[in-house]
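Take the given structure of chain A and dock chain B to it, following the hints.
Number of protein chains: 2
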Amino acid sequence: MKLRFHNAKILTMENENIIDGELHTDGGKISYVGEKTDNSGKFDREIDLNGDLIIPGFKDAHTHSAMTFLRSFADDLPLNDWLYNQVFPHEAKLTEDAIYVFTQLANMEYLTSGITSSFDMYFKLPAYSKANIDMGFRTVICGSINDFGGTVEGIEEEFNTYNSLHPLVSYQLGFHAEYTTKRETLEGLAKLSQKYKAPMYTHNSETKSEVEGCRERYGMTPTQLFNKLGMFEYGGGGFHCVWFDGRDMEIFRDKGLFMVTNPASNLKLASGIAPICEMKRHGMKNFAIGTDGAASNNCLDMFREMFLVTALQKYREDDAAACPAFDVLEMATKGGARAMGLFDCDVLAVGKFADFAVIDLSQPNMRPFHNLAKNLVYAGSKQNVKMTVVNGKILYENGEFTTVDKNEIYERAEKIAREICG
Amino acid sequence: MKLRFHNAKILTMENENIIDGELHTDGGKISYVGEKTDNSGKFDREIDLNGDLIIPGFKDAHTHSAMTFLRSFADDLPLNDWLYNQVFPHEAKLTEDAIYVFTQLANMEYLTSGITSSFDMYFKLPAYSKANIDMGFRTVICGSINDFGGTVEGIEEEFNTYNSLHPLVSYQLGFHAEYTTKRETLEGLAKLSQKYKAPMYTHNSETKSEVEGCRERYGMTPTQLFNKLGMFEYGGGGFHCVWFDGRDMEIFRDKGLFMVTNPASNLKLASGIAPICEMKRHGMKNFAIGTDGAASNNCLDMFREMFLVTALQKYREDDAAACPAFDVLEMATKGGARAMGLFDCDVLAVGKFADFAVIDLSQPNMRPFHNLAKNLVYAGSKQNVKMTVVNGKILYENGEFTTVDKNEIYERAEKIAREICG
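Protein sequences, first through last, are from chains A and B.
According to my numbering, numbering within the first sequence proceeds without interruption in unit steps and concludes at 422.
According to my numbering, numbering within the second sequence proceeds without interruption in unit steps and concludes at 422.
Bear in mind the hints are in silico, worked out from the structure with no lab data behind them.
Quantities reported herein were computed from a predicted structural model and do not represent experimental measurements.
Honestly, I wouldn't trust all of these hints.
For chains that are exact copies, the list does not tell them apart, and a pair is met inside one copy or across any two.
[Unchecked claim] In the DSS-like style, the derived pairs of lysine-lysine whose C-alpha atoms are separated by at most 27 Å in a straight line are: (1) 93 - 406; (2) 29 - 42; (3) 9 - 415; (4) 415 - 36; (5) 406 - 9.
For reference, chain A alone in the conformation it holds in the complex:
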């Protein structure tokens, strides 16, 4: 399939410039980005974008997709009550079919927000990966072993299975968190990382009490522990990273680790505001953004996250100049792709995967055109997503999903939600 998107503005994210021109795809890849061509007639479909904006797809660099089943079910509760009395007991009832349906529901929502891939940590991976493959959505699975489920051998098997299953699916080593995973398992994972020369990811320092608990158990922070155990010899990253100290930041800097921030979830669960500007002052350079799951956020919307990233830093730093818009856009696109190991999904250039979104500029929130990148970060909304393309295939266009029957998903989702939650 060859597509031509012409009469477009294009923000490639290779730099801050906006090109007036066109983008072509050939199969899953980008075959041309640049000025207007006279190549009409050589494509399966040619789409006149009427001046709308093409950007690299957003990367949701930390999420639990199928948690859409609990959206708005148990909010406004203290964290422990929420987790132990609402989340865990209901998760125990999830079937393969439930995972499939609620993953597709999440993917639909990603598409409405211009998100083209997810870095997902959940379970029942056969159903999860099938839901993505069937829809044509790109996902990176993150290992989620902890003391309640999974083994290091199981993680190794998953690593090999899901890195060779399908071009849209890949797998990164990971585990749930320090506070749910015993030392022996952490040591086994460190060896696995070194065996495969593979990066390692986990929830890290999401809450103050998590860090305090780790200090009591090990006399050091989770980051310092993981580093000491040799988990980061081949890179990786942490999700949340709200309660970092200076030494944690230096480790992340020295090992080139990715800090994946989840601002909406961190506010809504009263976890805190991550010190992103302080991390930058410590020399950290690798940042990405995730939504976390719909049970804690409760929506899967990169526009809301982007605004929160910058606005919360401005608040935290007491400086309206902190964390400028283009930096945030980089985190949400390039940074996310690289955090997930999707090095060919980062920018719009020939040979890169054709994972992108078309932003409707014919909406009042995008006017006037003083600065389109700022309009996106400070004023953008799902309402502006006209089209989302993954691997050269249009999955979402003018409010419709091309690879799933939305009403069927909604009906199945309601039925299963009733069965699980009563």
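Chain B only, in chain A's frame:
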């Protein structure tokens, strides 16, 4: 014009219940809300909502609409640099025509977010009111006198003029802020309030330095000063109210004043997080939500504001149970209406004005249906606004504006923005 919206879910905001039924309008008013009827055939138009949700329109209880002309022009700057070097010099170039066009641009954006009325503080009121009347949008003008423009006599004249100009326009007494308005003027305004038995509104305690300055000048906070001068004998309210002390909260409680919060603007300009839960503990009961202007926010979106109101309180209180969703929905609808003096725009009931929005539930972020009010506050987006109705007239439907030519507005807005900002 008589309209019938049937096959709907209806959240009237009289209570938390959701009705399955229909809503009828007759002219600008609601003539029926309740269960299914067999009244087909008696209307100018009958709309099958296919189960979508009708809610009272959101009220943007503090904004500067025409500041859309500066959207994304001067962000990421320290507050003083932004205000004195970017906002003021460019505002000085605004013509009546510019105010008209950028007000209509803002109103279009309000409509995309289900907002049916604005409480606006700006200038060039003839052009401003005409822009609203021509579009069919409801607005309440707030007086904006300060030492740089306007007189008490001028405010009195505006009060009389704009409270009798047109059914869609009303006017409340107000002034810019303590730090921009000399005592003599404040005293004159207090007398005016008492003469007309009218409430009084102003920017109040937006920044820490504003309150510190007032303490230096008067030995008390702005709220205490205004109260001492007799400005609140007939009610009123304050915009922002970030830096309140206990005594300020007691005054607001005792006088029944409205606290209008602007969380996105307060974060983005690094002003702070308003202590809403603490205010409630002090007995304050009247709250509303505003977007502030697009130069500081940068978008006019009640969904983003609602999420911020609750999420920032959860963060500030270190309690995920703080500020539950339905309370926020009340602030954004009923609370806003009452803050603005629009007592017949607060809930959906017979005899109230037909100001409402239709929420598209056939979007992934609204599924499953565990709790629709929470879905709105925690997961809602402009993408979910299918229709916005003001005074019984559909102004926005399926992405199209019925009373303005959007392309004409965009073209005029771009041209004027270039002329003013270069």
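Please name the hints from earlier in the document that this structure breaks, with their numbers sorted from lowest to highest. none
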